[in-house]
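Q: Heads up: the sequence lines are chains F and E, in that order.
Numbering of the first sequence is given in numbering that gives the first Met the number 0, commencing with residue 0 and proceeding in unit increments.
Numbering of the second sequence is given in numbering that gives the first Met the number 0, commencing with residue 0 and proceeding in unit increments.
Calculated from the structure, these hints are not laboratory results.
C-beta atoms are modelled at their ideal positions from N, C-alpha and C, and glycine is treated no differently.
Any given hint might turn out to be false.
Just the calculated beta-carbon pair ranges, DEER-fashion [to be verified]:
#, chain 1, residue 1, chain 2, residue 2, range
1, E, Thr170, F, Gln155, 26 to 34 angstroms
2, F, His187, E, Ala549, 27 to 35 angstroms
3, E, Ala290, F, Glu120, 35 to 43 angstroms
4, F, Glu95, E, Leu354, 35 to 43 angstroms
With a cut-off of at most 35 angstroms between alpha-carbon atoms, the simulated DSBU-like pairs for lysine-lysine come out as follows [claimed, not checked]:
#, chain 1, residue 1, chain 2, residue 2
5, E, Lys298, F, Lys87
6, F, Lys56, E, Lys263
7, E, Lys314, F, Lys86
8, E, Lys531, E, Lys488
9, F, Lys134, E, Lys533
10, F, Lys179, E, Lys574
11, E, Lys487, E, Lys533
12, E, Lys546, F, Lys179
13, E, Lys263, E, Lys2
14, F, Lys116, E, Lys546
15, E, Lys2, F, Lys172
16, F, Lys117, E, Lys537
17, E, Lys462, F, Lys172
18, E, Lys298, F, Lys56
19, E, Lys546, F, Lys117
20, E, Lys352, E, Lys394
21, E, Lys454, F, Lys172
22, E, Lys537, F, Lys134
23, F, Lys117, E, Lys319
24, F, Lys86, E, Lys298
25, E, Lys319, F, Lys179
Rough simulated footprint, nothing fancy, chain E against chain F, three-plus residues with beta-carbon under 8 angstroms [unchecked claim]:
#, stretch
26, 30 to 36
27, 59 to 70
28, 74 to 86
29, 100 to 110
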Amino acid sequence: MTTNIMIVGVGGQGTLLASRILGNAVIGEGYDVKVSEVHGMSQRGGSVVTYVKFGEKVYSPIIGEGEADIVLAFELLEAYRALPYLKKGGRIIVNEQAIDPMPVITGAAAYPADIAKKLSEKANVTAIDALALAKEAGNSRAVNVVLIGLMAQNTQNPYERWIETLKATVPPKFLDVNLKAFDLGYNH
Amino acid sequence: MAKLLIGNAAVAQGAYEAGVRVVASYPGTPSTEITESMVQYPEVYVEWAPNEKVACEVAIGASMAGARSMTCCKHVGLNVMADPVFTVSYIGVNGGMVICVADDPGMHSSQNEQDSRHYAKAAKIAMLEPADSGECRAFTKAAFELSERFDVPFVIRLSTRVSHSQSLVETEPRQDVELKPYEKNIPKNVMMPAMAIKRHVVVEERAKALTEFAETTDLNRVEDNGSRIGVVTSGISYMYAHEALGDSVNYLKLGMAYPMPEKKLRDFAARCDKVFVIEELDPFIEEHMKALGIQVIGKEAFTMLGEYTPAMIAKAVLGKEPEAPVQADEPIPVRPPVMCPGCPHRGTFYVLKKLGLTVSGDIGCYTLGAAQPLASVDSTICMGASVSAALGMAKARGPEFNKKLVSVIGDSTFIHSGITGLIDIVYNKGANTVIILDNSITGMTGHQDNPTTGKTIRGEATKQVDLELLAKAVGVEHVVVCDPFDVKKFEQVVREEVERDEPSVIIAQRPCALLKYVKYTGRCVVTDRCKKCKMCMKLGCPAISLKDGAVRIDPNQCNGCGLCVNVCPFGAIEKEAEA
Numbered sequence: 000m001t002t003n004i005m006i007v008g009v010g011g012q013g014t015l016l017a018s019r020i021l022g023n024a025v026i027g028e029g030y031d032v033k034v035s036e037v038h039g040m041s042q043r044g045g046s047v048v049t050y051v052k053f054g055e056k057v058y059s060p061i062i063g064e065g066e067a068d069i070v071l072a073f074e075l076l077e078a079y080r081a082l083p084y085l086k087k088g089g090r091i092i093v094n095e096q097a098i099d100p101m102p103v104i105t106g107a108a109a110y111p112a113d114i115a116k117k118l119s120e121k122a123n124v125t126a127i128d129a130l131a132l133a134k135e136a137g138n139s140r141a142v143n144v145v146l147i148g149l150m151a152q153n154t155q156n157p158y159e160r161w162i163e164t165l166k167a168t169v170p171p172k173f174l175d176v177n178l179k180a181f182d183l184g185y186n187h
Numbered sequence: 000m001a002k003l004l005i006g007n008a009a010v011a012q013g014a015y016e017a018g019v020r021v022v023a024s025y026p027g028t029p030s031t032e033i034t035e036s037m038v039q040y041p042e043v044y045v046e047w048a049p050n051e052k053v054a055c056e057v058a059i060g061a062s063m064a065g066a067r068s069m070t071c072c073k074h075v076g077l078n079v080m081a082d083p084v085f086t087v088s089y090i091g092v093n094g095g096m097v098i099c100v101a102d103d104p105g106m107h108s109s110q111n112e113q114d115s116r117h118y119a120k121a122a123k124i125a126m127l128e129p130a131d132s133g134e135c136r137a138f139t140k141a142a143f144e145l146s147e148r149f150d151v152p153f154v155i156r157l158s159t160r161v162s163h164s165q166s167l168v169e170t171e172p173r174q175d176v177e178l179k180p181y182e183k184n185i186p187k188n189v190m191m192p193a194m195a196i197k198r199h200v201v202v203e204e205r206a207k208a209l210t211e212f213a214e215t216t217d218l219n220r221v222e223d224n225g226s227r228i229g230v231v232t233s234g235i236s237y238m239y240a241h242e243a244l245g246d247s248v249n250y251l252k253l254g255m256a257y258p259m260p261e262k263k264l265r266d267f268a269a270r271c272d273k274v275f276v277i278e279e280l281d282p283f284i285e286e287h288m289k290a291l292g293i294q295v296i297g298k299e300a301f302t303m304l305g306e307y308t309p310a311m312i313a314k315a316v317l318g319k320e321p322e323a324p325v326q327a328d329e330p331i332p333v334r335p336p337v338m339c340p341g342c343p344h345r346g347t348f349y350v351l352k353k354l355g356l357t358v359s360g361d362i363g364c365y366t367l368g369a370a371q372p373l374a375s376v377d378s379t380i381c382m383g384a385s386v387s388a389a390l391g392m393a394k395a396r397g398p399e400f401n402k403k404l405v406s407v408i409g410d411s412t413f414i415h416s417g418i419t420g421l422i423d424i425v426y427n428k429g430a431n432t433v434i435i436l437d438n439s440i441t442g443m444t445g446h447q448d449n450p451t452t453g454k455t456i457r458g459e460a461t462k463q464v465d466l467e468l469l470a471k472a473v474g475v476e477h478v479v480v481c482d483p484f485d486v487k488k489f490e491q492v493v494r495e496e497v498e499r500d501e502p503s504v505i506i507a508q509r510p511c512a513l514l515k516y517v518k519y520t521g522r523c524v525v526t527d528r529c530k531k532c533k534m535c536m537k538l539g540c541p542a543i544s545l546k547d548g549a550v551r552i553d554p555n556q557c558n559g560c561g562l563c564v565n566v567c568p569f570g571a572i573e574k575e576a577e578a
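Let the hints inform the model, and build the full structure from the sequences given.
A: Shown next as structure tokens:
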């Protein structure tokens with residue numbers, strides 16, 4: 000059995016760094032780990048999906064429908080889109096930020112209303128205003144680390160392991176902001 | 000301790016350990032990070048070349064001169080380097096040579112879904128196919144050794160999920176591999192008919208030797224689980240198959256994609272009642288097995304389209320239907336990629352759309368100029384084609400059509416293969432207008448330097464190609480440099496240049512908004528002078544939306560680039576200092 004975490008968001012939100020932090024935090028625990036990243040055109044403001052899987056032995060780096068233990072969503076609509084991937088009894092951790100996709104901006108489609116409420120009717124949901132907490136930590140770009148902090152609560156990994164990983168993964172210039180952002184998420 | 004590396008970084012690690020000395024590539028998703036990762040090794044000469052053909056030739060020269068060398072590209076990059084590849088097959092190597100090619104099933108970031116395995120067969124060279132980062136390192140390292148043993152370049156074939164998935168890699172120190180002596184060898188290295196005829200004989204003999212090797216090498220591995228069902232697979236498909244089928248079937252995993260064994264496949268099939276071939280894209284293994292007269296189930300149970308998944312394989316092999324997933328009760332709007340806030344290309348496409356021009360497009364972030372609401376780009380074929388295809392359009396439809404036609408091409412793409420099209424326009428008396436979107440970087444692949452940026456891959460200062468002088472030197476008399484965010488002036492320049500009966504080049508100059516030194520400040524805000532004309536909405540800026548009938552600029556997305564301020568006819572958008 001593997002633990003499957005799916006990270007979804009909008010290109011530019013920092014999902015890639017989040018998946019790297021997550022991947023490196025779990026190798027220290029002696030697991031086999033696979034992390035699937037996205038590069039290139041899909042990074043330009045489109046839907047972005049990365050996968051982190053760990054366990055005794057991991058084969059496929061991707062997560063299929065009904066297989067994610069945790070969906071870590073950086074944006075409401077992307078959480079909604081990822082719903083079919085959630086395992087029965089799995090948890091969605093969602094940032095309450097809404098970012099309009101281009102079809103909504105051009106008026107070709109409508110942004111669904113009350114997504115957090117609709118999600119909680121179908122799954123276990125933890126919603127958080129990660130943008131506000133990131134700003135509180137000192138940088139609106141630290142949304143990803145706030146969410147990692149919140150997710151860390153839901154894992155067996157010790158707190159110190161996460162802090163070690165942050166120190167090893169994040170550029171030193173941004174370490175203080177990110178440590179603060181992590182704590183705000185972790186203690187939420 | 001084992002390190003978590005993406006496949007591309009693991010390929011670089013393997014090449015480093017094998018003592019590679021020269022690496023030359025052109026960036027292309029999903030292959031770019033192999034060459035970028037080489038920068039961490041000071042012992043290795045590494046470069047971004049102007050295009051894949053040049054890169055491959057640099058690697059061939061280095062190999063001929065006695066060094067282990069490597070070139071890396073995406074699948075369509077292999078088309079560009081095909082010319083030297085087919086002939087280096089005849090020449091062979093001196094120092095071991097490896098060509099890495101990354102296919103993109105599912106087209107995450109590509110214009111087609113070609114299967115590069117056909118190249119190995121067509122060029123009669125050998126190909127290995129790793130399935131995870133550990134194999135990326137090990138296979139690349141082995142490939143250098145094998146390249147020297149069989150006197151042939153070895154190709155490492157990757158796919159997006161192998162290139163961009165991290166898994167654990169054990170590393171070893173670099174081998175001390177001496178430069179091999181360089182000796183003049185006309186019969187081997189000068190491919191003119193008299194010599195090439197003799198080398199072709201060597202190539203065919205080598206093919207037999209490589210097939211023999213494929214029969215015995217550990218790269219092709221059988222996992223016998225005592226089942227009556229067999230699966231022949233390779234690369235990432237092996238991982239999907241194993242996840243879906245576990246120990247319920249036998250596997251023959253082909254680590255060597257070309258040439259393939261014969262006896263090994265026959266023996267494996269003979270022990271099974273039913274054999275499935277599981278491979279993304281084309282039926283490459285399947286056709287080989289069928290040609291050997293082995294009965295297999297292949298594409299009739301699978302697809303040639305896109306990526307495979309474990310669920311798809313479980314359904315095809317075991318007939319296992321997945322449980323119905325939880326679904327949303329309403330349609331979810333798609334979120335296609337868009338140009339970033341502050342993207343310099345937005346100004347260009349706003350003007351081209353406004354003027355109703357036919358836009359011959361190219362490969363880069365600016366391909367997104369085809370997306371709504373700008374929807375300005377008419378065609379995208381391959382690197383450089385914006386320029387040459389526009390000449391063809393103009394020659395086909397005449398001068399009046401040409402006055403409503405422009406090409407758009409990025410700075411790096413122009414150097415890659417746009418310059419040759421421009422020479423064609425001048426030489427053959429075309430009158431096209433070519434807009435070079437000079438954003439001072441290779442953008443789409445994640446900010447690589449190129450001959451126009453004045454820096455090498457290692458960030459060292461170097462000579463910089465002057466695009467203005469270059470265009471003039473090939474005979475373009477009308478070259479204008481203009482900022483695409485100065486929309487009024489840019490519009491006027493485009494109007495004037497397309498009217499000419501002679502070739503012209505417009506250099507739309509403004510750096511990519513994601514470059515570290517580009518610092519826009521403040522935020523754009525809509526004031527009460529807004530007449531709701533929605534002119535700003537035509538920009539397709541992700542920060543600007545219409546909420547309850549009012550135009551709103553999302554302060555979290557706006558980077559203060561000010562393009563909307565320039566576009567608003569009522570001066571209703573203002574720049575405000577950041578709070």
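Q: A separate judgement is required for each hint: does it hold in the structure or not?
A: Now the hints, each set against the structure:
| no. | hint | verdict |
| --- | --- | --- |
| 1 | E:Thr170 <-> F:Gln155: 26 to 34 angstroms | holds, 28 angstroms |
| 2 | F:His187 <-> E:Ala549: 27 to 35 angstroms | holds, 33 angstroms |
| 3 | E:Ala290 <-> F:Glu120: 35 to 43 angstroms | violated, 55 angstroms |
| 4 | F:Glu95 <-> E:Leu354: 35 to 43 angstroms | holds, 42 angstroms |
| 5 | E:Lys298 <-> F:Lys87 | holds, 32 angstroms |
| 6 | F:Lys56 <-> E:Lys263 | holds, 28 angstroms |
| 7 | E:Lys314 <-> F:Lys86 | holds, 19 angstroms |
| 8 | E:Lys531 <-> E:Lys488 | holds, 24 angstroms |
| 9 | F:Lys134 <-> E:Lys533 | holds, 31 angstroms |
| 10 | F:Lys179 <-> E:Lys574 | holds, 31 angstroms |
| 11 | E:Lys487 <-> E:Lys533 | holds, 18 angstroms |
| 12 | E:Lys546 <-> F:Lys179 | holds, 34 angstroms |
| 13 | E:Lys263 <-> E:Lys2 | holds, 34 angstroms |
| 14 | F:Lys116 <-> E:Lys546 | holds, 21 angstroms |
| 15 | E:Lys2 <-> F:Lys172 | holds, 24 angstroms |
| 16 | F:Lys117 <-> E:Lys537 | holds, 33 angstroms |
| 17 | E:Lys462 <-> F:Lys172 | holds, 32 angstroms |
| 18 | E:Lys298 <-> F:Lys56 | holds, 29 angstroms |
| 19 | E:Lys546 <-> F:Lys117 | holds, 22 angstroms |
| 20 | E:Lys352 <-> E:Lys394 | holds, 23 angstroms |
| 21 | E:Lys454 <-> F:Lys172 | holds, 25 angstroms |
| 22 | E:Lys537 <-> F:Lys134 | holds, 31 angstroms |
| 23 | F:Lys117 <-> E:Lys319 | holds, 30 angstroms |
| 24 | F:Lys86 <-> E:Lys298 | holds, 30 angstroms |
| 25 | E:Lys319 <-> F:Lys179 | violated, 47 angstroms |
| 26 | 30 to 36 | holds (count 6) |
| 27 | 59 to 70 | holds (count 6) |
| 28 | 74 to 86 | holds (count 8) |
| 29 | 100 to 110 | holds (count 11) |
The structure does not agree with the numbered hints 3 and 25 stated previously, though it agrees with the rest.
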